[in-house]
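In order, the protein sequences belong to chains D and U.
Just so we're aligned, residue 1 is where the first sequence starts under full-length UniProt numbering, counting upward by one.
Just so we're aligned, residue 1 is where the second sequence starts under full-length UniProt numbering, counting upward by one.
Heads up, a few of these hints could be off.
Identical copies look the same in the list; a pair holds intra-copy or inter-copy alike.
[To be verified] Derived DSSO-like pairs (lysine-lysine); straight-line CA-CA distance at most 27 Å:
hint, residue 1, residue 2
1, K109, K146
2, K194, K146
3, K218, K178
4, K218, K146
5, K194, K20
6, K154, K190
7, K218, K190
8, K274, K20
9, K59, K194
10, K18, K146
11, K194, K157
12, K157, K146
13, K146, K59
Worth flagging that the hints you see were computed from the coordinates, not collected in a lab.
Protein chains: 2
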Amino acid sequence: MSKEDFGGGSLLIAWQLKGKNVLIIGGGEVASQRIASILVTDAHITVISPIEGLNPRTKQLIESYAHRITHYNRVFFGTADFEGMDMILTALDDVEISRAICQMSRAAKIPVNAADIPDSCDFYFGSQIRDGPLQIMISTNGNGPKMANLIRRKVEKALTGIEGEAIAKVGELRERLKVRAPGVGGAIGKRRMKWMTNLCNAWTLEDLVLLDGETMEKLLDEGWENDCVPSPATLGSRQQSSINGIFPRWGTAYAPTIGLVVGVLCATLVIISKRR
Amino acid sequence: MSKEDFGGGSLLIAWQLKGKNVLIIGGGEVASQRIASILVTDAHITVISPIEGLNPRTKQLIESYAHRITHYNRVFFGTADFEGMDMILTALDDVEISRAICQMSRAAKIPVNAADIPDSCDFYFGSQIRDGPLQIMISTNGNGPKMANLIRRKVEKALTGIEGEAIAKVGELRERLKVRAPGVGGAIGKRRMKWMTNLCNAWTLEDLVLLDGETMEKLLDEGWENDCVPSPATLGSRQQSSINGIFPRWGTAYAPTIGLVVGVLCATLVIISKRR
């Protein structure tokens, strides 16, 4: 949290839906966006919408992911459709039906989101970025989806594109460490977390991406077992990263200086050659 | 969504807790982080923890926000403590008690998060950025909180610091527009969204920040009513922004050129003065 301004916000969370059931009522453009968001989570999706209400993208997703999406070619029947559902999303043009579904969902204690009716929602969607295990969400708390998209593009530009891969490597290393030093919480949990934190502080993303199974084991042998964080160099990992790390800084910081030196040299050469 | 890799992820959402009740069981460092996250949302917080289990930060938050936090100086009693709760967060060292609380919460259909026990959680927390109405969450899907923090700092650097204010202005303008052209969804909703999108595309964040009540009304008069997006210049809004907008680009793109020109001039001057 960058500032301590408490109040007026949402709780941004990563909801877990693996093996759960999500009901989407409606089949238009918003429904296709919802399906895409839910497919990310490994939930099973049920879409209720008359076939003539499906837009091309929704139709295509239902066909391409037939093993993960069940489509009922009909309108919403009522609470009987909630049976076994863990989340309900409405994507309907009819605001009154949408509101009624929200009330029923809340009575059944099933989390619900109704497109375009923020005051009926248990939660909002936002603009999202995904790169493997890395997910980023930008929420404007209902102040404009367009602004969320603008900021998403800004954030995307700030990422190098290797963050997801680096995180995956850290995740794999952590799993290997847990095999060596098992146990949940307590002293061992704290020592593991401390060591992983020190490693992430000392190594660049580029260093982490270069880790493979063999260097991971070496890193645990030489690092974890001796309670230290070896440098990528001592570990014998390929050192492309330090080159990548230096050049961009040169580019911006020394550009005017390089220009100046080149300018002085050129002018000197020209004038000297004319004097002769 | 940058890539269509479906599966293996979470559903990142902005959970709404205004006027809701959140139970936090435990009082240590994690509890203090949870309290800070929930204070953002305008929920009422109940903390259950023996007073000797409170760390200084938790104690301080309970004292400073006494009107928003109820503290019970005791251990968790059982499901009776769930009465009226909308969300449950455990922050305990005891993994077995934490797991048991998760099972009870799930049976009561109340969303639950247990610190350090990802497989018992309905949702995960992530690294967060907040700037007024703008909230950003970075999740590594359990692959390392440290990595999430590193990426959060990267994202923070990419933001100029005026995004939150620009979003607030857009939100205010949208509210004013809704007064002029009321109605939920349908044709009017679509026209409103289209016009707001065009505006956000045409105006820079700096332009948006400069909007005040008067220029907003002028913008709606000249823009919305005529179905067009006036430029900030025609609207007579102060034009600092275009200056701010140009110079940073100059700084990076023309730095070597400027250096070169300065170098040529200096060398020429020195050599010419020596010739005399």
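For K274 vs K20, is the C-alpha pair at or below 27 Å within one copy, between two copies, both, or neither?
Answer is neither; intra-copy 81 Å and inter-copy 83 Å both fail.
Homomeric proximity label, K194 with K20: Cα distance no greater than 27 Å:
This pair counts as neither: shortest intra-copy Cα distance 34 Å, inter-copy 35 Å.
Alpha-carbon proximity between K194 and K146, which holds within one copy, between copies, both or neither at 27 Å:
between (40 Å within a copy, 10 Å between copies)
Have a look at K18 and K146 and pick one of within, between, both or neither, based on CA distance no larger than 27 Å.
For K18 and K146, only the inter-copy Cα distance (24 Å) is at most 27 Å; the intra-copy one is 30 Å.
If the cutoff is 27 Å on CA atoms, where do K146 and K59 land: within, between, both or neither? Let me know, please.
Intra 26 Å, inter 40 Å, cutoff 27 Å: intra-copy only.
Can you tell me if K218 and K190 fall within 27 Å by alpha carbon in one copy, between copies, both or neither?
within (22 Å within a copy, 59 Å between copies)
Reference check for the pair K59 and K194, CA-CA at most 27 Å: within, between, both, or neither?
For K59 and K194, the Cα distance is within 27 Å only across copies (25 Å; inside one copy 49 Å).
Indicate which option fits the pair K157, K146 if close means a Cα-Cα distance not exceeding 27 Å: within, between, both or neither.
Both: 17 Å inside a chain and 21 Å across chains, each within 27 Å.
Alpha-carbon proximity context of K218 and K178, limit 27 Å:
within (15 Å within a copy, 62 Å between copies)
From the Cα coordinates, with 27 Å as the cut-off, is the pair K194 and K157 best called within, between, both, or neither?
between (31 Å within a copy, 25 Å between copies)
Since the copies are identical, ignore which copy is meant and state whether K218 and K146 lie within 27 Å (CA to CA) inside a copy, between copies, both or neither.
Answer is between; shortest inter-copy Cα gap is 22 Å, intra-copy 48 Å.
My question is about K154 and K190: at a cut-off of 27 Å on alpha-carbon distance, are they close within one copy, between copies, both, or neither?
between (35 Å within a copy, 26 Å between copies)
Consistency with the previously given hints fails for numbers 1, 5, 8, ordered from lowest to highest.
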